[in-house]
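Going down the list, the protein sequences come from chains A and B.
Residue numbering for the first sequence follows my numbering, starting at -17 and increasing by one per position.
Residue numbering for the second sequence follows my numbering, starting at 6 and increasing by one per position.
The hints are simulated quantities; they were obtained by calculation from the structure and are not laboratory data.
Glycine included, every Cβ here is placed at the ideal spot set by N, Cα and C.
Just to be clear, a hint being listed does not mean it is correct.
To be verified - A few chain A residues facing chain B, derived, Cβ under 10 Å:
id, residue
1, G146
2, G280
3, A283
4, I489
5, W491
6, E533
7, R534
To be verified - If you only want the chain B side, here are some residues facing chain A, beta carbon under 8 Å, derived:
id, residue
8, L42
9, M61
10, A85
11, G184
12, R192
13, T205
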Amino acid sequence: MSEAGDAVDLVDSALADGILAARLAETWGTGRSLVAWLSTVDHKIVGRRYIVTAFIFLILGGVLALLMRAQLARPENRLLSADFYNQVFTMHGSNMMFLFAVPVMEAMAVYLVPLMVGTRNIAFPRLNAFSYWIYLAGGITLWTAFLLRVGPDVGWFAYVPLSGPQYGIGKRADIWAQMITFTEVSALAVAVEIVVTVFKQRAPGLSLGRMPLFVWSMLVTSFLIIVAMPAIVMASSSLILDRLVGTHFFNPAEGGDVLLYQHLFWFFGHPEVYIIFLPAVGMVSTILPTFARRPVFGYLALVLAVIAIGIFSFGLWVHHMFVTGLPRIGESFFTASSMVIAVPSGIQIFCWLATLWHGRPVLAAPMLFVLAFFATFVLGGLTGVMVASVPLDTQVHDTYFVVAHFHYVLIGGSVFPLLGGVYYWFPKLTGRMMSERCGRWVAGLVFVGFNLTFFPMHLLGLAGMPRRVYTYQPEMGWGGANLFISLSSLILAAGFLLFFIDALRSIRWGAPAGDNPWDAPSLEWATASPPPPYNFLHIPVVTSAYPLWTERETLPVTIGLRVERREVLVTTVAEARPEARETSPRNSIWPLLTALTTTVMLIWSIFSPWAVVWGSIPIGIALIGWFWPKGTPEDDA
Amino acid sequence: MRTALRLGLGGSLLALCAGCRGWQSALDPQGPEARHLRHLIWLFTGVAALVWVLVMVVLFVAIRRRCLGSPEPVALTPPAERRATFAVGVASVATVIVLALLTAVSYRATGALGQDTEDAVNIRLRGYQWWWEATYLGPLSEATFVTANELHIPVGRPVTIDLSSDDVIHSFWVPNLAGKQDLIPGRDNRITITADHAGTYRGPCAEFCGLQHAHMSLFVIAEPPAEFDKWRDAQKQPAAAPGGDEQQAGQQIVTGTQCAACHTIRGTAAKGTVAPDLTHLASRFYLAAGELPMTRGSLAAWVADPQTIKPGNNMPQVPLTGDELRAVSAYLASLK
């Protein structure tokens, strides 16, 4: 104890930089053993795992998409059976939404937000490790079921009664619903971590009005997750109860309501789209000023737009239900609200255009993806205005027009900025640059392939092709367009393939990046690439919204954090004035064990309701282990 | 690459123009409802195209107008920022105005749909996995006769269709005539369609309903009122008596085996209610919800092996000898 007592007094100002770096690395580092690797709570290591895992799910989902395109290339094709095709499209949607799009955005935030706000680790780092393991377990569960040919086959929104006890055969819909539970838990955990990190761990001086726009976007996204997820918890839990213990939430014969499920699902499902889109908006707002070589135009307008989109996103869910026969007056309200959300989206576009107009843009690879984003997202937003109109929607709802629309919004609006973000932050994550030449090819192939694949789908939808059909009749005259789309999808796939090749190659052989290769203004570039385990040698002090542009030489720093224990600086919510020093938990194997026991309980409960009773005992034991005092200095505080 | 893009898009547009004139196309309206909707689609498309082009032009100019690539971050000049604020403000106000106008147009279109339902023909349509049951209703909403998968309607007269489902959610959508409306268990929906011209219009089930969702088509046959009345009177009649020994044998098999447990043939012992009414089966154009054209050969093939033709459907394979199969198909083909 006397050693610990001595260490308490050791603060960072007492040591020279070189010794300080070594001591901090010792305090914050992750060992090299397997157990250490499984126990780490470093947000950078967890974030990197998250990102890699999410991109693996992107590849898997992409393979499913190509399978669908192969099946649809010819009318009455018998390549895939109806049963397998229905599993494939359900897996594609569920995988892309729940295992790729939402997690990858959270993953980027887990890695970047603590660096961007200038702190040493994310808030609740053990919860963060737990959230990754539970996400991984959910993904493995879903894919194992699919590989065993019992993948869900009811579409990614699993409407009842098709997914209910009477029509959803076997355990397929249960596996879907339980995969939702896994991702709910992991998403909620990350959302809470992000909110607390952003509100309480910002570097001194990084007031709300100076916060990077990506951080703003992630803050709003996290609140969306916290508010939207309970609705899907209700929907999927009620579905499981209907199926497993014979409740009648959705059974009209016993007083249940089929449409209740749709309301619950879309009350989550529509904000979900913005949970995927808002982080991408933040990436655009972050990448754009760096390459336009000027601060973003309309910072306040952009912040307000993100908040407005977040709030409005809860008032749109009924536009997924325009043909279910709801009262006209109600539908009219949702037409208006769906139109209204186009206003903040438009304001964002105008602010970005103004930024470019009055900047001196550098058209490096990350910027090309942002330009591709403009062309596709604006189009997707405009078709969004079309489907917002009730009467118009009755013609295009559930057709390939809608398939085209949401791929324009999700790929154009989210994946393009994400790819740009990978090219942009790759040097920070790995210390090496991705290839600029490859980047140009990737941007070109993906952009051209994407448009050739998805634009004709608008026309197919208007020509009457419904979505989710495993085949179509030759006399419909859709064969040519479908073949064209299937061939174009290969161009898109080639673009992604080149992207992954470039990323893998650059990890080892990319040009060394240095701390700040793009001369970017925000704090994540104020440390080494890749950052050391403690992120910053000294916590920086921020004096403007573009700290690295205002302080061209060195940033002012804070001193006084302890060296021998993990300690982060807690600051006030609005002004980020230093408030307290707070300990940050050490590495622990218990989050992994908790995730494993939770996984056992969740999978078991697909088969028996008693799993919830008996399965919670090991979870309880794991949680006791998690919170048991170990006598480390971190426990004292 | 841009040229390739343009050529490719042009090619696929051309390929689809055949689709625009199709028997299942929202862009080839054959009734007042669908015509309203096509106006709306074109209007929204035009506005969207204009906005998109404007944004792209501004984007293009924005990245071309300055010499590119400043090494140092550029300093902001207040006059330029003021001009940008003004431009963004104007664009935002314009966005609000355009959206308000589009919303108003949308509301007006909603009001124009589904009017004039007096003197309407009334049909009750039920969705099943994976076929449609149509019950024609009399003046007091009493059922007059039941048929399946094909609706005959008189040209020029509104037709109200009551939509419901007993199993999962389906969706009624005949794009040449109107937008879609779901068939939901436990709920009653209604849609009105009117055909201006005689013709056959096709409608797929438009809500994913399970294994054979792709093979659940509906046909609307619009015909002049006189022909429609003739058809309706014929449908009210019980099934034709078998003519000849082979058809007689066929009838005995159909009404005496498990076929009768699911199907109804009015005027015979077959009174099942879970599968399509076969009373006037051969008067329809298609078999198995659009799967096969109605011929004796298709009937034989379907009865012999329904699970290969439409995998997973609810019709079991009934073991029959070659002679029995011939007799059954002869009888079914006689049910005009």
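For each hint, the structure was consulted:
no.	hint	verdict
1	G146	holds (8 Å)
2	G280	holds (6 Å)
3	A283	holds (7 Å)
4	I489	violated (27 Å)
5	W491	violated (26 Å)
6	E533	violated (12 Å)
7	R534	holds (9 Å)
8	L42	holds (5 Å)
9	M61	holds (6 Å)
10	A85	holds (5 Å)
11	G184	holds (2 Å)
12	R192	holds (6 Å)
13	T205	violated (12 Å)
Of the numbered hints listed earlier, those contradicted by the structure are 4, 5, 6, 13.
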